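Asks: Fit chain H to the known structure of chain X by using the hints.
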Amino acid sequence: MNITEKILAKASGKQAVRPGEIVDSNVDMVMVHDLTGPLAVEAFKKIGIQKVWNNKKVVVILDHQVPAESVKAAELHKTMRQFAKDQNLQIYDVGRGGICHQVMPEKGHVVPGTVIVGADSHTCTYGAFGAFATGIGSTEAAAVFATGKIWFKVPPTIKINVEGNFQKYTTPKDLILAIIGKLGVDGAIYKAAEFTGPTIQSMSIAGRMTICNMAVEMGAKNGIIEADETTRKFLEGRTKVPFEALKSDEDANYERTVEFDVSKMEPQVACPASVDNVKPVSEVDNVPIEQAFIGSCTNGRIEDLRLAARVLKGRRVKDGVRALVIPASQEVYSQALNEGLIKIFTNAGAIVCGSACGPCLGGHIGLLAAGESCVSTSNRNFIGRMGSTKSSVYLASPATVAASAVTGKITSPSALEAKA
Amino acid sequence: MTTEIKAKAIKFGNNVDTDVILPGKYLVLVDPNELAKHALEGLDTEFVRKAKGGVILVGGKNFGCGSSREQAPLALKYSGVKCVIAESFARIFFRNAINIGLPVIESKSISKDVQTGDELVVDFEAGKIENLSNGKKFQVNKLPPFILQILADGGLIENLRKKMSKK
Chain X
1 MNITEKILAK
11 ASGKQAVRPG
21 EIVDSNVDMV
31 MVHDLTGPLA
41 VEAFKKIGIQ
51 KVWNNKKVVV
61 ILDHQVPAES
71 VKAAELHKTM
81 RQFAKDQNLQ
91 IYDVGRGGIC
101 HQVMPEKGHV
111 VPGTVIVGAD
121 SHTCTYGAFG
131 AFATGIGSTE
141 AAAVFATGKI
151 WFKVPPTIKI
161 NVEGNFQKYT
171 TPKDLILAII
181 GKLGVDGAIY
191 KAAEFTGPTI
201 QSMSIAGRMT
211 ICNMAVEMGA
221 KNGIIEADET
231 TRKFLEGRTK
241 VPFEALKSDE
251 DANYERTVEF
261 DVSKMEPQVA
271 CPASVDNVKP
281 VSEVDNVPIE
291 QAFIGSCTNG
301 RIEDLRLAAR
311 VLKGRRVKDG
321 VRALVIPASQ
331 EVYSQALNEG
341 LIKIFTNAGA
351 IVCGSACGPC
361 LGGHIGLLAA
371 GESCVSTSNR
381 NFIGRMGSTK
391 SSVYLASPAT
401 VAASAVTGKI
411 TSPSALEAKA
Chain H
1 MTTEIKAKAI
11 KFGNNVDTDV
21 ILPGKYLVLV
31 DPNELAKHAL
41 EGLDTEFVRK
51 AKGGVILVGG
61 KNFGCGSSRE
71 QAPLALKYSG
81 VKCVIAESFA
91 RIFFRNAINI
101 GLPVIESKSI
111 SKDVQTGDEL
121 VVDFEAGKIE
131 NLSNGKKFQV
141 NKLPPFILQI
151 LADGGLIENL
161 RKKMSKK
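Quick note, the sequences are listed as chains X and H, same order.
Residue numbering for the first sequence follows this note's numbering, beginning at 1 and increasing consecutively.
Residue numbering for the second sequence follows this note's numbering, beginning at 1 and increasing consecutively.
Okay, chain H solo, but in the shape it has when bound:
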């Protein structure tokens, strides 16, 4: 499979929490497409319209802090977010995103040289990010092979199914 993703960036600041990614009042919804209608509603009511067709989210430090709600990365994934790049992640969000097959990548200096609307190309397996709009390239904390395998399988459940059927 290809691990390259190309899309326009939408940038947010530090400490984007799961309550703004998906407010608590929507946690009774179960259909991911319904959740997606409210993605990032707490910060930008226009986000869902902007994300349609595929975007790369760029965040600062501590992206996804707060609740363990997996509905937060699910809402992002189904709204059209192809991958999230941030300077650091809250750990539960990081694991949840990988477990549902949404690539998440840490890059220390990403915020400074990416603006909303820039065209990014990301290869999370090779550990490369390039901003095609200004030619800047970024250092990436490469994901360990077992995490790349979970992403390649489309998430933890498929990964586990494969492992368990081998036994």
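Only chain X is shown next, with the shape it has when bound in the complex:
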């Protein structure tokens, strides 16, 4: 079996499972946030039981409309605070956590080899730690609150093997965009995507999270990477739960294997309005932008901010462009302060906002007007995603977004460097 199959077999009390089989799986952790939680609470109340199945396994994180931008959002937050209090749940309130997918692993709620569900599609991020993690809806989260169980159809797995060393300004974000560009937005629909190979093995946790985060953008049920020494180091001091780092068997079953080599890969850009509309940055050069966004559960980690700061240091955001930087969590924010990165951003003329989802889903800060374009480190560029249905979103790495903020048009970071 491969890792995904091993985890699902273990969680459903079976010796072995095969793709297509429907299993009734135990859940090790369930997460809801401020936009999916209230519907889950309402549904949970209708089931007619008093307490969640295990209050240590339900986490509430306020991160989307944070801090509350409207009375309606404030009401949603109030609902979640009350539910967490009544049920004695761990809640990460405004200023105490940050984006759910950053907070979950940071605070030790993600353990390799476990089954994690979250009422957010990017829950697949935790596959970076060798967990089976996938997004669900609010009603289903309520059912998990009640029972601690969920059904899954065991997915066939696509193996994505990556080799080669990245060039200076090419990043895991560029790799995952290239992968989605090749496989398509429905290329892994209903399937697991297992990322392997030397490039993945030598990648930081931050990079692995970026990769697994976007597995859902090609329709995957989950993205997954074997836990190893890098994983162990990250989790040290964060979780006390002992874990078994499951590995795929030598003769494990894969639907197919896809090979990538990053050694000659240039930075990639996903153009509007589909995540698979991916081109090398040199072909998108000169597209004018009004906004540049560095942040989100895809690319708001300290490594991302360091990279953006390296490009922005001693430079200015172009007049007419607004640059938003949003550290993914309070922990990342604090680290960025200590490292002097926040100062580099403010000196460059960027605005640094509090840890939250920000403009990524068009709900809160930094929305776009008709006719405007944003180059963003986030994960979706659908029509109207970041505001007006007549605005455009281009997805790229923190380095490319930072370079574009300086020139006011989509720019390769190497091209910016060559100019200096």
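The hints are simulated quantities; they were obtained by calculation from the structure and are not laboratory data.
Since this is a predicted model, take the numbers as computed values, not measurements.
If you want the footprint, here are the derived chain H segments under chain X, 3+ residues with CB under 8 Å:
| id | region |
| --- | --- |
| 1 | 13-21 |
| 2 | 90-99 |
| 3 | 160-166 |
All residues carry an ideal CB built from backbone N, CA and C; glycine is no exception.
Replies: Below, chain H alone, put in the same frame as chain X:
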């Protein structure tokens, strides 16, 4: 209960995402009837008027891709959508629709032989779709019995209530 649905079709293309089904700015709304006022606003500002009285949505591949927002199928259901037929679905949307009692059916060739305005009859339990406007019949991936039971119960919560009260 009857599992037959008869209504006019409204057709969309591939990869209809949850941001066009229900834009993020409306996620603070809680009343499903309020959500319904913005159903599919990202693709067709006239959709809500057209859906009134009941329609069957027909989509291409990867219908409902993107966010896990259950508000997307809720908005469709309350705007008058009786069922969604697509060539394939994004899995979270598929599960969400079933969990709120909105039938979703996969049919590989549906896009080719259905146009907006055609009269469709769907029996999701029997696994049959017919286009009454051109007489074409379609192959359907039948739903497993436990999913049909969730739909018959009107959604996952009622299904779970029944199961838990039996214990």
